[in-house]
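Given the coordinates of chain L, work out where chain W should sit on it, guided by the hints.
Protein sequence lines correspond, in order, to chains L and W.
Following numbering that gives the first Met the number 0 from start to finish, the first sequence increments by one per residue and tops out at 111.
Following numbering that gives the first Met the number 0 from start to finish, the second sequence increments by one per residue and tops out at 111.
It is worth saying that the hints were derived from the structure and are not from the lab.
Incorrect hints may have been included.
[As the list claims (entries may be wrong)] Covered, in the sense of this in silico footprint (three residues per stretch, anywhere, with C-beta under 8 Å from a C-beta of chain W), are these stretches of chain L: (1) 7 to 20; (2) 52 to 60; (3) 94 to 107.
C-beta atoms are modelled at their ideal positions from N, C-alpha and C, and glycine is treated no differently.
2 protein chains.
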Amino acid sequence: MSNSIARTPKPPYFAVLFSSLRTEKDQGYGDMADRMLELAVEQPGYLGVESARTPGGLGITVSYWSSEEAIAQWRSNAEHRVAQELGRRVWYSDFHLRVARVERAHGTMGSS
Amino acid sequence: MSNSIARTPKPPYFAVLFSSLRTEKDQGYGDMADRMLELAVEQPGYLGVESARTPGGLGITVSYWSSEEAIAQWRSNAEHRVAQELGRRVWYSDFHLRVARVERAHGTMGSS
Chain L
0 MSNSIARTPK
10 PPYFAVLFSS
20 LRTEKDQGYG
30 DMADRMLELA
40 VEQPGYLGVE
50 SARTPGGLGI
60 TVSYWSSEEA
70 IAQWRSNAEH
80 RVAQELGRRV
90 WYSDFHLRVA
100 RVERAHGTMG
110 SS
Chain W
0 MSNSIARTPK
10 PPYFAVLFSS
20 LRTEKDQGYG
30 DMADRMLELA
40 VEQPGYLGVE
50 SARTPGGLGI
60 TVSYWSSEEA
70 IAQWRSNAEH
80 RVAQELGRRV
90 WYSDFHLRVA
100 RVERAHGTMG
110 SS
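In isolation and in its complexed conformation, chain L is listed as follows (with noise of 0.2 Å):
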C-alpha cells in the first residue's frame, strides 16, 4: 500500500476515514488491498490516499476524493463491493467508516 503522505490539492475536498482491526485471516488480502490501491487510482475524482497499520493493532486508510459524487460511485463499484463484503466477514474484526469534507489544511509540503 501507499507509504508516504498525499499530495492533496487546496481544499475543499473529500476523505473517506477507514479504521479497522484485523483478524488472523488472511486469505489474500494484502493482493485485494494492492488491487483495490490500483482501481482506486484510476477512479473519476480521486486526489490520493494514506494508509498506516501498527503492528497487530489499529489501521487507518484515508482516501482523498473530490466530490461526494466520486466517493459514492467508488463505493458503488462492483469490484470494490466484492472486496467490502469480504472485508465484513473475513478479514476485519472491527471497522469504522467516516466520511468528511476537508476544510483547509497545511503542512511541510506547502498549500493551505
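Showing chain W alone in chain L's frame:
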C-alpha cells in the same frame, strides 16, 4: 498511544488528520506523544483519537472534536505548542495536517 477505534457520537463533528513521517531522532518522542494524548483527553470538546503507524513508514493520527472552536483551543494550548514546535524541528521529516467536518459514519459498532 490509542490502539482502538474511537467511539465517536453521531455526526456532524470535526476531525484533525495528522499524517507524518518520523525522523530517526527519538529525543523524548514517546513520552511527549503519551503526554499529548493525556492532555487532549482533558480538553473541552474532545471526542476521541485514533492512531496508527507503519513501522518505518507513515503515521496517521486522527483526533475528533465537537467544534472548530475546540480544535482552535487545543491548537493554542501552551504545552501542545511546545510539542508542535519540537515536532517540526526534531521528530517529523514531513507532515500534513487537515481539518475536516465528518458528515456521516457507519461501521460494526453501530451509529450512522
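Hints, verified against the model:
1. 7 to 20: Per the Cβ count (7), the hint holds.
2. 52 to 60: holds (count 7)
3. 94 to 107: Our answer is that it holds, as 14 residues pass the Cβ test (under 8 Å) against chain W, meeting three.
Checked against the numbered hints above, the structure violates none of them.
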